[in-house]
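Student: Heads up: the protein sequence lines correspond to chains A and B, in order.
Position in the first sequence (from 1) plus 17 gives the number in the numbering used here.
Position in the second sequence (from 1) plus 9 gives the number in the numbering used here.
Careful, some of the hints might be misleading.
DEER-style ranges, computed between Cβ atoms [said to hold, decoys possible]:
| # | chain 1 | residue 1 | chain 2 | residue 2 | range |
| --- | --- | --- | --- | --- | --- |
| 1 | B | N119 | A | G57 | 18 to 26 Å |
| 2 | B | N119 | A | S86 | 45 to 53 Å |
| 3 | A | G80 | B | L60 | 33 to 41 Å |
| 4 | A | R94 | B | S104 | 22 to 30 Å |
| 5 | A | S97 | B | D20 | 38 to 46 Å |
| 6 | B | I48 | A | T130 | 23 to 31 Å |
When the alpha-carbon atoms are kept at most 25 Å apart in a straight line, the in silico SDA-like pairs for lysine to any residue are as follows [to be verified]:
| # | chain 1 | residue 1 | chain 2 | residue 2 |
| --- | --- | --- | --- | --- |
| 7 | A | K26 | A | G116 |
| 8 | B | K101 | A | T72 |
| 9 | B | K101 | B | E67 |
| 10 | B | K102 | A | I71 |
| 11 | B | K12 | A | D55 |
| 12 | A | K26 | A | M44 |
Take a look, some chain A residues computed to stay more than 10 Å from chain B by CB distance [as the list claims (entries may be wrong)]:
| # | residue |
| --- | --- |
| 13 | P25 |
| 14 | V29 |
| 15 | K31 |
| 16 | Q34 |
| 17 | S35 |
| 18 | N45 |
| 19 | A69 |
| 20 | N79 |
| 21 | G80 |
| 22 | L95 |
| 23 | T128 |
If you're looking for bench data, these hints aren't it; they were derived computationally from the structure.
In this text, a Cβ means the ideal position worked out from N, Cα and C, and glycines have one as well.
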Amino acid sequence: NAGVTQTPKFQVLKTGQSMTLQCAQDMNHEYMSWYRQDPGMGLRLIHYSVGAGITDQGEVPNGYNVSRSTTEDFPLRLLSAAPSQTSVYFCASTRVAGGYEQYFGPGTRLTVT
Amino acid sequence: DAKTTQPPSMDCAEGRAANLPCNHSTISGNEYVYWYRQIHSQGPQYIIHGLKNNETNEMASLIITEDRKSSTLILPHATLRDTAVYYCIVIKKTSGSRLTFGEGTQLTVNP
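For reference, chain A alone in the conformation it holds in the complex (with noise of 0.2 Å):
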């Protein structure tokens, strides 16, 4: 298994500019979720979703727009960047099956300028 796979690895946006951040996994969990990583802090959710078609928002949500059509691909799309998105970000899966523990992904760094 491939576990959860992050797509780009880094980007760079313009104020203003539109992106989809990429996350698939192939271990047919039920449960996503996306986070942001700011420098020297701890991660924080943005949104999340427990089964295809379903999204719910975390803490951070204002800027960000998911979506969630099939169990494998949860995309995280960046409306209009700011300079205050310059994160890293990452992507995760949780097996509920198990103990409900999340797989994270190798994140995306993302820098607006």
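Using the hints provided, position chain B relative to the given structure of chain A.
Tutor: Chain B alone, transformed into the frame defined by chain A:
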């Protein structure tokens, strides 16, 4: 979710056991203790979790006190690759997709 308190940093000699404490005095009966770690610049990694009994897996052991107000993560033979920030998270199991990460403990394993 119950609040957790961890020391900001700890040191450990390579080959020795690393014992990382966590206080969670407001834990409720249906909340579990989860441990994750984050090696520099990588995505967090699940280590272990437990409700009230001690747990062990290939990575670590988790000791939860009888009153469940504190726990200790034990890495039995720490290596340099165990240098990371360790997070203790207390949540209901079904909230496993909505983790709240605090400051964690920076564990440095020294040669």
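Student: Now look at each hint and say whether the structure bears it out.
Tutor: Evaluation of the provided hints:
The supplied range of 18 to 26 Å is met by N119(B) and G57(A), whose beta-carbon atoms lie about 22 Å from each other. Checked against the hint of 45 to 53 Å, the C-beta distance between N119(B) and S86(A) comes to roughly 48 Å, which is consistent with it. Between G80(A) and L60(B) the beta carbons are some 37 Å apart, a value that agrees with the proposed interval 33 to 41 Å. Look at R94(A) against S104(B): about 25 Å separates their beta carbons, and that is inside 22 to 30 Å.
At about 45 Å, the CB distance of S97(A) to D20(B) agrees with the hint of 38 to 46 Å. For the pair I48(B) and T130(A), the supplied restraint of 23 to 31 Å holds, since their beta-carbon distance comes to about 28 Å. Between K26(A) and G116(A) the alpha-carbon distance is near 29 Å, which puts this suggested pair outside the 25 Å criterion. With a C-alpha separation of about 19 Å, the suggested pairing of K101(B) with T72(A) holds against the 25 Å cut-off.
Under the criterion of a C-alpha separation no larger than 25 Å, the hint pairing K101(B) with E67(B) is consistent with the structure, at around 24 Å. Proximity of K102(B) to I71(A) is assessed by CA-CA distance (about 19 Å); at most 25 Å being required, the pair is judged to hold. Only pairs whose Cα atoms come within 25 Å are accepted, and K12(B) paired with D55(A) is accepted, the gap being roughly 21 Å. For the proposed pair K26(A) and M44(A), the alpha carbon gap of about 21 Å is at most 25 Å, so the pair holds.
For P25(A), the condition that its CB be more than 10 Å from all CB atoms of chain B holds, with the nearest at approximately 15 Å. For V29(A), the non-interface assignment is confirmed: its Cβ lies about 17 Å from the closest Cβ of chain B, beyond the 10 Å cut-off. In this structure K31(A) is separated from chain B by more than 10 Å, as the shortest Cβ-Cβ distance comes to about 24 Å. Interface exclusion of Q34(A) from chain B stands, the closest Cβ pair being 25 Å apart, more than 10 Å.
Distance check on S35(A): its Cβ is at least 24 Å (rounded) from any Cβ of chain B, clearing the 10 Å threshold; non-interface status holds. No Cβ of chain B approaches the Cβ of N45(A) within 10 Å, the least distance being about 15 Å, so the stated non-interface status holds. Residue placement check: A69(A) keeps its beta carbon more than 10 Å from all beta carbons of chain B (closest about 14 Å). No Cβ of chain B approaches the Cβ of N79(A) within 10 Å, the least distance being about 17 Å, so the stated non-interface status holds.
A cut-off of 10 Å between C-beta atoms confirms that G80(A) is not in contact with chain B; the least separation is 19 Å. Distance check on L95(A): its Cβ is at least 19 Å (rounded) from any Cβ of chain B, clearing the 10 Å threshold; non-interface status holds. No Cβ of chain B approaches the Cβ of T128(A) within 10 Å, the least distance being about 15 Å, so the stated non-interface status holds.
Of the numbered hints given earlier, the model fails hint 7 alone.
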